[in-house]
Amino acid sequence: AQSVTQLDSHVSVSEGTPVLLRCNYSSSYSPSLFWYVQHPNKGLQLLLKYTSAATLVKGINGFEAEFKKSETSFHLTKPSAHMSDAAEYFCVVIPGVGGSQGNLIFGKGTKLSVKP
Amino acid sequence: DTGVSQNPRHKITKRGQNVTFRCDPISEHNRLYWYRQTLGQGPEFLTYFQNEAQLEKSRLLSDRFSAERPKGSFSTLEIQRTEQGDSAMYLCASSLGTGNQPQHFGDGTRLSIL
Chain H
1 AQSVTQLDSH VSVSEGTPVL LRCNYSSSYS PSLFWYVQHP NKGLQLLLKY TSAATLVKGI
61 NGFEAEFKKS ETSFHLTKPS AHMSDAAEYF CVVIPGVGGS QGNLIFGKGT KLSVKP
Chain S
117 DTGVSQNPRH KITKRGQNVT FRCDPISEHN RLYWYRQTLG QGPEFLTYFQ NEAQLEKSRL
177 LSDRFSAERP KGSFSTLEIQ RTEQGDSAMY LCASSLGTGN QPQHFGDGTR LSIL
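Chains as they are written, first to last, in the numbering used here: chain H, 1 to 116; chain S, 117 to 230.
Hints should not be assumed to be uniformly reliable.
[As the list claims (entries may be wrong)] Cut-off 30 Å, straight-line C-alpha distance, at most; resulting in silico cross-link-like pairs (DSS-like, lysine-lysine):
| id | chain 1 | residue 1 | chain 2 | residue 2 |
| --- | --- | --- | --- | --- |
| 1 | H | LYS42 | H | LYS111 |
| 2 | S | LYS187 | H | LYS42 |
| 3 | H | LYS108 | H | LYS68 |
| 4 | S | LYS127 | H | LYS42 |
| 5 | H | LYS108 | S | LYS187 |
| 6 | H | LYS108 | S | LYS127 |
| 7 | H | LYS42 | S | LYS173 |
| 8 | S | LYS130 | H | LYS42 |
[What the hints assert, rightly or not] What the simulated footprint calls covered on chain H by chain S, stretch by stretch (three residues with Cβ under 8 Å from a Cβ of chain S suffice, anywhere in the stretch; the number is not a length):
| id | region |
| --- | --- |
| 9 | 28 to 41 |
| 10 | 45 to 57 |
| 11 | 64 to 75 |
I should point out that these hints are in silico values taken from the structure, not numbers from a laboratory. For each residue, glycine too, the CB sits at the ideal point set by N, CA and C.
All chains should be modelled from the sequences, with the hints used to inform the complete structure.
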């Protein structure tokens, strides 16, 4: 079965410092992986997706993630945190070969706090 | 692209009442998904439609939950005889085409059971 594990439930950084949110995946197939962000009382917004093209994926708002098959990881990074980045971040996998099953499997989320 | 729209945004009801939520997907999207999110957790998949066909419903939490998408456009999620444990955020998402296309989410309906 496919799954994702977010290694930190809460990450706190200072504004202007780098962000690293860690995610490991488990999959028998080449996975389709996503990162979504959720601000309080809002729906989820897609940050970026990996679907077996380039291993370094660039997303919105300066975020990027690198797919590392040898480490089964898909960590999310940003060089410089902004106050508006404070939110909950979810690492997501689509089960099935090539994402054929359609429904998303979410990690438990990492809450990012940004200190001024 | 007006995004995925969910109504109502908030619903407060007494235990035992029936509730219905509506989701209007992005117009050209043929897939529509329902998820439930409880406090401090990631969303949990419930069911999804491709056009009007409900392709997966085994994850619906009990037989009190049902969903429809009669004309392949908007969808409704109904919970009958609500219980305290049904209190959650119910999220709808839509996507275009095959399974690994990104899903676009609405802002959700927050259900509170008194």
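Consistency of the hints with the structure:
1. H:LYS42 to H:LYS111: holds, 14 Å
2. S:LYS187 to H:LYS42: Answer holds: LYS187 (chain S) to LYS42 (chain H) is near 27 Å, not above 30 Å.
3. H:LYS108 to H:LYS68: holds, 21 Å
4. S:LYS127 to H:LYS42: holds, 15 Å
5. H:LYS108 to S:LYS187: Status violated; Cα separation ~34 Å.
6. H:LYS108 to S:LYS127: holds, 25 Å
7. H:LYS42 to S:LYS173: This hinted pair holds, its Cα atoms lying about 25 Å apart.
8. S:LYS130 to H:LYS42: Between LYS130 (chain S) and LYS42 (chain H) the Cα gap is close to 24 Å, so the pair holds against 30 Å.
9. 28 to 41: Our answer is that it holds, as 4 residues pass the Cβ test (under 8 Å) against chain S, meeting three.
10. 45 to 57: holds (count 4)
11. 64 to 75: violated (count 0)
Checked against the numbered hints above, the structure breaks hints 5, 11 and satisfies the rest.
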